[in-house]
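Student: Sequence:
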Amino acid sequence: NRGNKDTTIVVDDQAPSTSAGAGSIHKTQETSRRPPTAIQSIVNVIKSTWLNVLLVFIPLGILSHFLNWGDVSTFTLNFFAIIPLAKLLGTVTEDIALRVGETIGGLLNATFGNAVELIVSILAIRQNLIRVVQASMLGSIISNLLLVLGMCFVAGGYYKKEQNFNQTAAQTCASLMTLACIALIIPAALHAAVSTDKGKTEEEILDLSRGTAVVLLIVYGFYLFFQLRTHKFLYNELPEGAECAEGAEGENAAPEEPEEPQLSLSISIASLAVITVAVAICAEFLVGSIEGIVETSGLSSTFVGLILLPIVGNAAEHVTAVSVAIKDKMDLAIGVAAGSSMQIALFVTPFLVILGWIINKPMTLFFELFETIVLFISVLITNYLIQDGKSNWLEGVMLLATYTIIALAFYFYPDDT
101 NRGNKDTTIV
111 VDDQAPSTSA
121 GAGSIHKTQE
131 TSRRPPTAIQ
141 SIVNVIKSTW
151 LNVLLVFIPL
161 GILSHFLNWG
171 DVSTFTLNFF
181 AIIPLAKLLG
191 TVTEDIALRV
201 GETIGGLLNA
211 TFGNAVELIV
221 SILAIRQNLI
231 RVVQASMLGS
241 IISNLLLVLG
251 MCFVAGGYYK
261 KEQNFNQTAA
271 QTCASLMTLA
281 CIALIIPAAL
291 HAAVSTDKGK
301 TEEEILDLSR
311 GTAVVLLIVY
321 GFYLFFQLRT
331 HKFLYNELPE
341 GAECAEGAEG
351 ENAAPEEPEE
361 PQLSLSISIA
371 SLAVITVAVA
381 ICAEFLVGSI
391 EGIVETSGLS
401 STFVGLILLP
411 IVGNAAEHVT
421 AVSVAIKDKM
431 DLAIGVAAGS
441 SMQIALFVTP
451 FLVILGWIIN
461 KPMTLFFELF
471 ETIVLFISVL
481 ITNYLIQDGK
491 SNWLEGVMLL
501 ATYTIIALAF
511 YFYPDDT
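Position 281 of the sequence shown, counting from 1, maps to 381 under my numbering, and the rest follow consecutively.
Worth flagging that the hints you see were computed from the coordinates, not collected in a lab. Glycine included, every Cβ here is placed at the ideal spot set by N, Cα and C. Take every hint as true, because none was put in to throw you off.
If you anchor each label on the Cβ, the simulated ranges turn out as follows: (1) ALA292 - ILE458: 27 to 33 Å; (2) ARG199 - LYS332: 16 to 22 Å; (3) THR376 - ILE454: 18 to 24 Å; (4) GLY311 - GLU262: 40 to 46 Å.
Produce the entire structure from the sequences given, and follow the hints as far as they go.
Tutor: This is the structure we're talking about:
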């Protein structure tokens with residue numbers, strides 16, 4: 101009996117301990133799932149990226165405009181002011197995306213990631229800077245395909261010899277980019293074929309551009325339906341080789357904890373509104389100083405639109421894509437870089453053509469022959485490099501080399517061609 105009693109005592113001593121441990125674990129889980137307060141959310145926004153040190157350029161850029169410090173100062177200060185705003189816009193959007201799921205979240209990320217380009221372009225169209233808008237759209241596509249994707253391949257390849265990604269999703273994106281490229285080649289071909297009566301040809305190209313823009317917007321709508329409804333499974337598949345890598349790690353691999361929102365919903369929505377307004381203000385002053393900086397610096401408006409403005413607009417995508425590539429999340433990196441290019445080509449550019457139609461501005465899909473060839477080359481080399489579903493650092497070097505050659509070419513490219 102004494103032995104049984106001792107046993108009973110031991111069991112009784114362990115039971116409360118187990119119960120307390122379970123209660124402690126439960127309490128810890130509840131604490132980790134507790135939504136962040138408003139103050140915590142604001143602190144998280146401030147600490148989200150080192151690029152926030154550039155926020156000091158926002159008041160300086162505004163002062164430069166109102167105190168007439170000159171077009172070069174106004175352009176430069178607002179240029180650097182928009183970079184952290186673009187990154188913050190991406191950060192807040194990613195946090196909101198955690199609440200709505202991966203697919204819709206990715207769409208939100210791509211949409212708000214292109215918000216800067218859209219705002220800058222709308223303001224430029226209102227000021228009749230059509231060439232700047234066209235160059236900015238083309239530059240954003242080329243920058244994402246060559247510069248951002250190239251940096252992803254190099255950064256990811258530095259830590260891992262070969263990386264895998266979803267081949268089907270990447271090829272779908274590449275095929276849609278080819279379609280967009282065709283839509284831009286045809287107006288240039290029409291202009292070259294029937295350039296006898298300049299006034300009539302310009303009117304025909306304008307009508308062709310508006311009709312083509314409608315078609316591209318419809319195709320983009322079908323793509324969203326394809327991605328979100330009928331073929332959603334394609335975008336949730338593991339890339340080839342990923343399952344083998346998981347199996348090789350075995351049971352010793354620690355389970356990945358689901359990422360939780362770092363901002364409260366109210367702070368996220370308020371931040372989106374404030375950041376968008378700040379971007380609009382800085383973009384207004386940036387666009388207003390373009391003509392002055394072209395006259396004083398000797399740079400062409402094509403170079404400013406095609407090389408400089410995309411650096412501002414793609415800041416968020418660039419930082420995000422490279423950081424996830426380093427973490428070997430190449431599907432997300434491809435989605436951010438190539439997906440953003442596709443959205444600009446199939447949605448943003450056609451939307452601007454329709455907007456120009458509404459406000460009676462001659463925004464067209466007609467690019468100069470040289471610009472069209474550059475776009476074709478960019479899409480071509482990207483298609484070649486992603487068709488096998490694998491990447492390495494040398495492929496990234498190829499993309500970066502292509503972008504550098506194009507940037508040099510446009511530095512010497514005159515406006516009066």
